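Novice: Line by line, the protein sequences give chains V and G.
Sequential numbering of the first sequence, starting at 1, is according to my numbering.
Sequential numbering of the second sequence, starting at 1, is according to my numbering.
In short, the hints are calculated from the structure, not lab data.
Don't take each hint at face value.
Keeping only pairs whose Cα atoms sit at most 30 Å apart, straight-line, the calculated BS3-like set for lysine-lysine is [to be verified]: (1) V:Lys204 x V:Lys70; (2) G:Lys187 x V:Lys21; (3) V:Lys102 x G:Lys236; (4) V:Lys310 x V:Lys277; (5) V:Lys131 x G:Lys275; (6) V:Lys218 x V:Lys168; (7) G:Lys190 x V:Lys113; (8) V:Lys347 x V:Lys277; (9) V:Lys131 x V:Lys113; (10) V:Lys204 x V:Lys168; (11) G:Lys190 x V:Lys102; (12) V:Lys204 x V:Lys154; (13) G:Lys187 x V:Lys70; (14) V:Lys306 x V:Lys347; (15) V:Lys70 x V:Lys21; (16) G:Lys190 x V:Lys70; (17) V:Lys113 x V:Lys102; (18) G:Lys275 x V:Lys154; (19) V:Lys131 x V:Lys102; (20) V:Lys70 x V:Lys131; (21) V:Lys347 x V:Lys218; (22) G:Lys107 x V:Lys70; (23) G:Lys190 x G:Lys107; (24) G:Lys187 x V:Lys113; (25) V:Lys131 x G:Lys187; (26) V:Lys218 x V:Lys154; (27) G:Lys187 x G:Lys107; (28) V:Lys131 x G:Lys190; (29) V:Lys102 x G:Lys187; (30) V:Lys204 x V:Lys218; (31) G:Lys187 x V:Lys154; (32) V:Lys154 x V:Lys21.
This structure is a prediction, so every number in the text was calculated from the model and none was measured.
Take a look at the letters that make up each chain.
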Amino acid sequence: MARIEISGVSKVYPGNVEAIKDLSLSINDGELVVLVGPSGCGKSTLLRMIAGLETITGGTISIGETVVNKLEPAERDIAMVFQNYALYPHMSVRGNLEYGLKNRGTQRAEIDKRVADAARILEIEAFLDRKPRQLSGGQRQRVAMGRAIVRQPKAFLFDEPLSNLDAKLRAHMRVEIRRLQRALGTTSVYVTHDQLEAMTLADKLVVMNGGVIEQVGKPLDVYSDPQSLFVAAFMGSPGMNLIDIESLRAIGADLPGSIPTATGTVGVRPEDIVLEKPAGPHLTIAATLDAVELVGSESLVYANAKGIEKDIILRSSGIHRGNPGDVLALHIPHSALHSFARESGRKVAAA
Amino acid sequence: MVENRPFLNVLTHLVLILGVAVVVFPVYVAFIASTQAPGTFFRGVTPLLPGPAMVENYAHMLTEGMSTSGAPPLWLMLINSTWMAIIITGGKIAISIISAYAIVYFKFPFRTLAFWIIFVTLMLPVEVRIIPTFAVVSNLGLLNSYVGLTLPLIASATATFLFRQFFLTIPDELMEAARVDGAGPIKFFKDILLPLSRTNIAALSVIMFIYGWVQYLWPLLVTTDSRYYTIVMGIKRMAAYADQQPQWHLVMAAVILAMLPPVLVVIFMQRLFVKGLVETEK
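Based on the sequences and whatever the hints tell you, model everything.
Specialist: What follows is the structure, encoded as structure tokens:
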């Protein structure tokens, strides 16, 4: 168990492709940090640099008190769970769990004890003697976790470990990983592109884009107070509605007087748009219903407003019974508006 | 096809039987010939039914050989051939799996060039480079030795290429997981790669054993001492000599015996062989 300190780290691939740009992040002891971002944002590269599978071009990474830049993966005392599990196909489950310990010269009795413990925690005792190919996806996932646990490393690194599972199993394993990580209290870094996974798992959420960190914070803070246009659009499914302020002015929407002058774009979460007139100050947009997606517990309504390029999406609980062509009045409370600067796309605070 | 037409069944079986007959008939003739008493062949008619002299012919060939044509007893040639085939097989597998490992898993300058040079040698069979090879082997004083018989045949582009292709199908994460688990290059090779290549090694061994067994031109060149004769070239010596009719009954006994080991290898390795060609255990 240890802190991980990443300071000023960069990664340049041959051909001057900069995958990570001067990135700093500290991960506290026992914390579960989730790196999330679109593909190609550098999140996996960063994880692999922590693991030692990718060389570090600049800056330092330290695990515990040690700078690990030049250390082999095995010497960094970390364990990694891979997306495709990477179980050794010719070894039994027990062999897979033991391999790392054997290579470290752990005593036989100690190995047996740790394997038994891990198998009990993960409920894989019944198939310790089977080969990985005789297991289902979820069971393989558990074995991969077990291989990490038995080592009792300073940190767990997860590289999109759930993306090969079906939706139901993914939700289940997500809860298990959370529970397990809490119980063991091991510092963990978890990479995913699934923002739902990121929201539910993280102690600390790191949103990355183009090799830099866009925002770091508690999941709910990141969701409710995005610091940039990118985070606003990326977090949430669907993401925040982003509307050019000029087009709002053009249709005479009742913008709050307090809106900062630097604002270029305003954002509003789909769930903050209401169809019944709210009590507080709000603005109203007349829009034509375009389509309705019925998810079951809620409906996503796509509406088209004159003068606004993109569809506005609103989320209403229950089943929305409307037909394309219906005219809707979309009410947006002033308090739900987020303002982003015209040039940089960063959040601008209310005046 | 899931059609069930009796006529088609009969037809396909007839075609198959015909095909088998065409392949098996020469072998049958060779076997029949090997059971004939001396002199049967001088009548000019090839017999199609077994003769009375099978045991004598085989015993004679195994223990004494054909001294008139300078061929040693068959058992010696069989042992030589077996040694040659085994050394070539072992050497080829060992060298090509190691070179494939280097080419796939290590980054070093001119790695791609190294691979292409190996690959290009695929296009140069032994026969093309036989004279320079002979000169080298002869200058090294390796004529009439097992080393001379096998060494030039061991380098194998085919096997290197096949192992490379197989290694490329093994996901990188497996190597990374092993690195995280504290396995160095040698441990990874020994604990992960070698066990995974088991079936490929078996399949290649069969092919390479037969390749080594049927070598003809090379042993003919480098061996002048009858102690190092291999069976395939030995047969040639038995069949061809100047002022006499070949003793076909004895030659054919040698042929049948020469055929036996590769057939046995294929039969016993068949299961692994097929597995290695079709199955990818990942």
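Novice: Determine for every hint whether it applies to the structure shown.
Specialist: Each hint, compared with the structure:
no., hint, in the structure
1, V:Lys204 x V:Lys70, "27 Å, holds"
2, G:Lys187 x V:Lys21, "35 Å, violated"
3, V:Lys102 x G:Lys236, "56 Å, violated"
4, V:Lys310 x V:Lys277, "23 Å, holds"
5, V:Lys131 x G:Lys275, "18 Å, holds"
6, V:Lys218 x V:Lys168, "25 Å, holds"
7, G:Lys190 x V:Lys113, "26 Å, holds"
8, V:Lys347 x V:Lys277, "27 Å, holds"
9, V:Lys131 x V:Lys113, "21 Å, holds"
10, V:Lys204 x V:Lys168, "24 Å, holds"
11, G:Lys190 x V:Lys102, "14 Å, holds"
12, V:Lys204 x V:Lys154, "18 Å, holds"
13, G:Lys187 x V:Lys70, "21 Å, holds"
14, V:Lys306 x V:Lys347, "26 Å, holds"
15, V:Lys70 x V:Lys21, "19 Å, holds"
16, G:Lys190 x V:Lys70, "25 Å, holds"
17, V:Lys113 x V:Lys102, "13 Å, holds"
18, G:Lys275 x V:Lys154, "42 Å, violated"
19, V:Lys131 x V:Lys102, "19 Å, holds"
20, V:Lys70 x V:Lys131, "35 Å, violated"
21, V:Lys347 x V:Lys218, "17 Å, holds"
22, G:Lys107 x V:Lys70, "18 Å, holds"
23, G:Lys190 x G:Lys107, "19 Å, holds"
24, G:Lys187 x V:Lys113, "24 Å, holds"
25, V:Lys131 x G:Lys187, "20 Å, holds"
26, V:Lys218 x V:Lys154, "23 Å, holds"
27, G:Lys187 x G:Lys107, "18 Å, holds"
28, V:Lys131 x G:Lys190, "19 Å, holds"
29, V:Lys102 x G:Lys187, "12 Å, holds"
30, V:Lys204 x V:Lys218, "5 Å, holds"
31, G:Lys187 x V:Lys154, "24 Å, holds"
32, V:Lys154 x V:Lys21, "26 Å, holds"
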